[in-house]
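K.L.:
Generate coordinates for the entire structure from the input sequences, incorporating the hints supplied.
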Amino acid sequence: MKNRTAYQRIVVGLCAAVLGIVTLGMSGILRLTGIEDRARLIATDSMPGLSYTTQIELYTYRKSLLIQQHIVSNDPAEKRRIESQIQSITANTSTLLERYGNTPFGDIERPLFNKVIATRPPFLAAVEQVLRLSRETTSAAAQVDLQKVFEPQSRAFLEALHASTLHNLGEANEAARRIQESVVTAKRLTIIEALISLLLAPISAFLLARVVAETEAAGQAIQVLNRELEERIGELTEVNKELEAFTYSVSHDLRAPLRHIDGFSKILVDESADQLTPLGMRAVDRIRYGAQQMGRMIDDLLEFSRLGRKDVDRRPTNLRSLVDETLEILKPAMEAREIDLRIGELPMLECDPALLRHVMVNLLSNAIKFTRDSKPAVIEIGQIAGKEIAGKEITGKVTPGKETPVVYVRDNGVGFDMRYVDKLFGIFQRLHRREEFEGVGVGLATVQRVIHKHGGRVWAESEIGRGATFYFALGQAPEEGRNSEVRHS
Amino acid sequence: MKYGELVVLLVEDDPDDVELTLHTFAEARITNPIYVVRDGQEALDYIFCRGAHAAREAIPPRLILLDLKLPKIGGLQVLQAIKADPRTKGIPVVILTSSREERDLIEGYQLGANSYIQKPVDFAQFQKTIREMGSYWLGVNQSTPVTI
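Just so you know, the protein sequences line up as chains R and S, in that order.
For the first sequence, this note's numbering gives the first residue as 1, with consecutive numbering after it.
For the second sequence, this note's numbering gives the first residue as 1, with consecutive numbering after it.
Any given hint could be a false lead.
To be verified - Computed footprint of chain R on chain S; a stretch qualifies when at least three of its residues, placed anywhere within it, have a C-beta under 8 Å from a C-beta of chain R:
#1 11-17
#2 98-112
#3 118-125
As the list claims (entries may be wrong) - Straight-line Cα separation of at most 27 Å, BS3-like style, residue types lysine-lysine; simulated pairs:
#4 R:Lys310 with S:Lys69
#5 R:Lys423 with R:Lys369
#6 S:Lys72 with R:Lys241
Derived from the structure by calculation, the hints contain no laboratory data.
All figures in this text were calculated on a predicted structure; none of them were measured in a lab.
Using N, Cα and C, we set each Cβ at its ideal position, and we do this for glycine too.
P.N.:
Okay, structure coming up:
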């Protein structure tokens, strides 16, 4: 069963449905046929009134025949036998009439029945009278007269009975005809319904099959895409490994010649200082500076690359504690400096504390570095609760529920030209001359990389000579848990 | 004290690094004799008195300075061999390398390195480091007696 395709399952299901419809239709038709048969029975002999009146009519005819036999018979014994038969018929008639009287009557039938009841006593009286006279009469002439005496009452009663019979017969026929009509209509409808179902079943099967085929095709497309994706991930992992090997080799191999340049330059200065001209001394000094600067660049680049390869391990982090730790690390840079540190309320962040420490170290060391000439230096760290930063609407930047509160680091240092803000977060990009402020230009690139790894944004605002403000907000941790950040390389 | 008991074994493939290290040792007035081997194989041969060093008097070096990136047999493998053998386990091994990869550091210590020094680009810094290292491992520190 499990190996069947959805298409096969639908066909099986539809076949079952069609079978069900046909079975139901057939049983409906059979049942209607049963009704039809009963209707026929009603039409012939099941109308209660009809059966009573026809029976009584028959009795009455027999009674009339018996009375005529009684009249013409000259044997007293036979006359008595006939009388007893007549009495039993009368009793039976009474019983039948009583039953007939208990059946439900229609508007037309009621007066007909009443007429039967009304004409019976005179008939019975006439019968009694004739029988009484007949017992003593023997002459043929008298017998004929007697028949004449009996005849009118007998006819009246019979006519009344017959009227009722005819009526009931008509009613029964009408009812049966109607039932038959209904049954025929119902039968036709059932057949049409079955035909329509039979017709619709393959159409719906076809349509469903198409939907299923499309779904299956989509599923297959997804599988293909997934396979491709897995292959790409495999390739990426491979590339990542190569990259790791490369950075490892860079870390080891590239630094070695730099060490040699610096080492031998220093030995040159130490051993031969007296033989070097001032320009020569300066040249060696610049050689050593260049080598060391390149060493720093390689180290920073390696650190930057290492951060990029690191998985984000999110956990609840008190940003205030992180800032305090960072300031402890930066203590040497703040020595002999007059810095007004203003730390506002800071949020709890769901982030990788080790990675975010890099952000805080870079932002704060920048703030310390670029306020070198500000007296006093003011560095503010805080969060933005509302939608405004320094009077500027930042709607569209803050997305509650998707982002953490915006954290900012503001200084009153040299600032930078907003025209070059695009270059600010690029690797090895510097907006200040090297002799003014040291650095290799990896710090803000690192900041941006860490923030991006947290699904967040970082941006800056500044004005030359009036300080700079750096803002960042992290993306909320994914619902399903931690460690699910996509690796960036 | 025999001569062999003072030997510092420098395992280093790069001749420039060898020169700079020896210069720094001399400058730091470290008087121990320094024996230089240029790859992992030679280092193991020296330490375990095998191959070209089979005839060597079986006295272990006082200190081993080990680079990690070495021809033939890598530094970590050499370290593992030293620390796996009860006879050489007690020799202090200082990793002296260009690498600042975390995994080298972790693996180095897990294999039993006694110290891990990253060679800085700044030569003055390197000189300071070697001085301090020499005075600690060859002066302050009391090594366990070892015989091979």
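K.L.:
Each hint should be assessed against the structure and marked as holding or not.
P.N.:
To see whether the hints hold, each was checked on the structure:
1. 11-17: holds (count 3)
2. 98-112: Coverage by chain R holds for the region 98-112 of chain S (5 residues, Cβ < 8 Å).
3. 118-125: holds (count 6)
4. R:Lys310 with S:Lys69: holds, 24 Å
5. R:Lys423 with R:Lys369: holds, 19 Å
6. S:Lys72 with R:Lys241: holds, 23 Å
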